Amino acid sequence: MEFFEANKDILLFTGIAGAKILAFLGAVMGFTALMTLAERKVSSLMQDRIGPNRASVFGFSFNGLFHPIADAIKMIMKEDFVPGRAQKLLFTLAPFFALVPVLALFAVIPFGDYVMIYGYQVELQIADLPLGLFFILALSGLAIYGVFLGGWASKSNFALLGAMRGAAQMVSYEVVLGLTLVGLMMIYGTASLQDMVRAQGSLLLGFIPAWGIIYQPFAFILFMTAAIAENKRTPFDLVEGESEIIGYFMEYSSMRFAAFMFAEFIEIVLISMLAATLFFGGWQVPYLYDTGFLFPGGPALPMNHYLVAALQAGAFTAKTVFFCWFLLIVRWTLPRFRFDQLMGLCWKALLPLALLNILITGAVLTILAR
Amino acid sequence: MIINAAIYLFGGLAALATLLMIFQREPVKAAMLMLAALLSTAGLYLALSAQLLAALQIILYAGAIMTLFIVALTATPAAWRDKPSKSRFIKMLGLAAAAVILTELLKVSALLKQTVFSPEFSETGTLDLARALFGQFTFQFELLSLVILASIVGAVTLAAGKRSS
Numbered sequence: 001m002e003f004f005e006a007n008k009d010i011l012l013f014t015g016i017a018g019a020k021i022l023a024f025l026g027a028v029m030g031f032t033a034l035m036t037l038a039e040r041k042v043s044s045l046m047q048d049r050i051g052p053n054r055a056s057v058f059g060f061s062f063n064g065l066f067h068p069i070a071d072a073i074k075m076i077m078k079e080d081f082v083p084g085r086a087q088k089l090l091f092t093l094a095p096f097f098a099l100v101p102v103l104a105l106f107a108v109i110p111f112g113d114y115v116m117i118y119g120y121q122v123e124l125q126i127a128d129l130p131l132g133l134f135f136i137l138a139l140s141g142l143a144i145y146g147v148f149l150g151g152w153a154s155k156s157n158f159a160l161l162g163a164m165r166g167a168a169q170m171v172s173y174e175v176v177l178g179l180t181l182v183g184l185m186m187i188y189g190t191a192s193l194q195d196m197v198r199a200q201g202s203l204l205l206g207f208i209p210a211w212g213i214i215y216q217p218f219a220f221i222l223f224m225t226a227a228i229a230e231n232k233r234t235p236f237d238l239v240e241g242e243s244e245i246i247g248y249f250m251e252y253s254s255m256r257f258a259a260f261m262f263a264e265f266i267e268i269v270l271i272s273m274l275a276a277t278l279f280f281g282g283w284q285v286p287y288l289y290d291t292g293f294l295f296p297g298g299p300a301l302p303m304n305h306y307l308v309a310a311l312q313a314g315a316f317t318a319k320t321v322f323f324c325w326f327l328l329i330v331r332w333t334l335p336r337f338r339f340d341q342l343m344g345l346c347w348k349a350l351l352p353l354a355l356l357n358i359l360i361t362g363a364v365l366t367i368l369a370r
Numbered sequence: 001m002i003i004n005a006a007i008y009l010f011g012g013l014a015a016l017a018t019l020l021m022i023f024q025r026e027p028v029k030a031a032m033l034m035l036a037a038l039l040s041t042a043g044l045y046l047a048l049s050a051q052l053l054a055a056l057q058i059i060l061y062a063g064a065i066m067t068l069f070i071v072a073l074t075a076t077p078a079a080w081r082d083k084p085s086k087s088r089f090i091k092m093l094g095l096a097a098a099a100v101i102l103t104e105l106l107k108v109s110a111l112l113k114q115t116v117f118s119p120e121f122s123e124t125g126t127l128d129l130a131r132a133l134f135g136q137f138t139f140q141f142e143l144l145s146l147v148i149l150a151s152i153v154g155a156v157t158l159a160a161g162k163r164s165s
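Sequence order for the protein chains is A and B.
Per my numbering, the first sequence starts with residue 1, numbered consecutively.
Per my numbering, the second sequence starts with residue 1, numbered consecutively.
Hints are all accurate, no fakes.
With the C-beta cut set under 7 Å, the calculated list includes, among others, these residues of chain B facing chain A:
#, residue
1, Leu52
2, Ala55
3, Thr67
Beyond 12 Å from chain B on every Cβ pair, some chain A residues (computed):
#, residue
4, Glu5
5, Ile73
6, Val122
7, Asp195
8, Phe322
Think of the hints as simulated: they come from the structure by calculation, not from any bench.
Just so we're clear, the structure is a prediction, and the values are computed from it rather than from any experiment.
C-beta atoms are modelled at their ideal positions from N, C-alpha and C, and glycine is treated no differently.
Work the whole structure out from these sequences, hints included.
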């Protein structure tokens, strides 16, 4: 008992952090599993098909809702094959490199403001790092090892080709991804995501929410483009190029392949959350404050604290779902780039535009400060 | 107490990974061990609450430079050989280089013991670092970017020269 009293603060901190990690990552994982189904359903909708609808439990199929579970069982049951010439250790390590950095990134995403539980103020973010944006850039840079090691350790020419393409593509677009975020950092004067979302709660001219998209519409387009390229999805899926080289995970099977595939879907969720957090106000609902709605011009609607917190978390979820849907739509809307087009787009178009965006933002900020 | 434990943990990990890297024959595995050493150094910075330094360490060294290393390494024949070569010349060269680096390290560590930092000096403050870079050393900082630009132009010229012929 004395031990608990003496270490009350640290025990409480660990307990709350653990609960937050379990709840948030659990929600993300569940949502990602549904994303694998959504991808197939959206694809079939866009191609005028019905899509997967056969997996059923006791005759109930719910239009295919059980497919993620069926997929998971299938993946686990498959043979875990390692090619004879493969580098065993690196071959095993690669899926971890693909999955772990992406999962760690959810630590800095704020999914709400705060809730009061028994008098304790619980921040709805796993870790509020003062340099959250740098943390995101740092860890997303590590995901490249999963791609490259996976391709190289397989000792297969197709896999290596995919890995080489992946390395070139991810290194290039990472630069753009970092530069698009600089403008936001300049405007909000912080690199902490929670502070950035709080800053987006203020109003411009008394009625426009000060979201990132209002200040940096251009950076948003660049960010989304670079983010889809980082995620290696169509139109940037040269790494896989399903009709040509299959990709860096060609020799992988069973759960090892599932790790690569799951990482890609988690990245979709992550990109959606980042887009919502950085450019669309995160958990902010326009005109909703701690005490309830306060519309410009006077009318107010007081609200319970828990209702406000739930509305904010709900708004964040809705924004995330919207961008997930957007990313799924993009896949069947745009055709794949050629490799020289891919590199040209990055270095000749996106990079100069991102730098120009920083220059203009800086100039405007300097003029406004005068 | 936790911070001290973290410092020793990451420091030990960095030392262990570096040691293993030296004795690793396969180039790509050695590079991966170096990555582990770089990441644990980043953890060390984090434990010392130098967050910016930790982030930059991962972005620049682990994310950019090591990626380049590994991609370049896989293009070498040594990476594809099952049994790496054990040339005597390479061994002697390695030993000589190790001797030079060791003496330099010893010299530097002897210097470090004597150096006394002024109390207001902080390597961890991001704001102080930014103020120094963009205030006191603006000219030198901008000059450095010019050097990098020159090297980029040089590299492009070298790479494109072959194609036109």
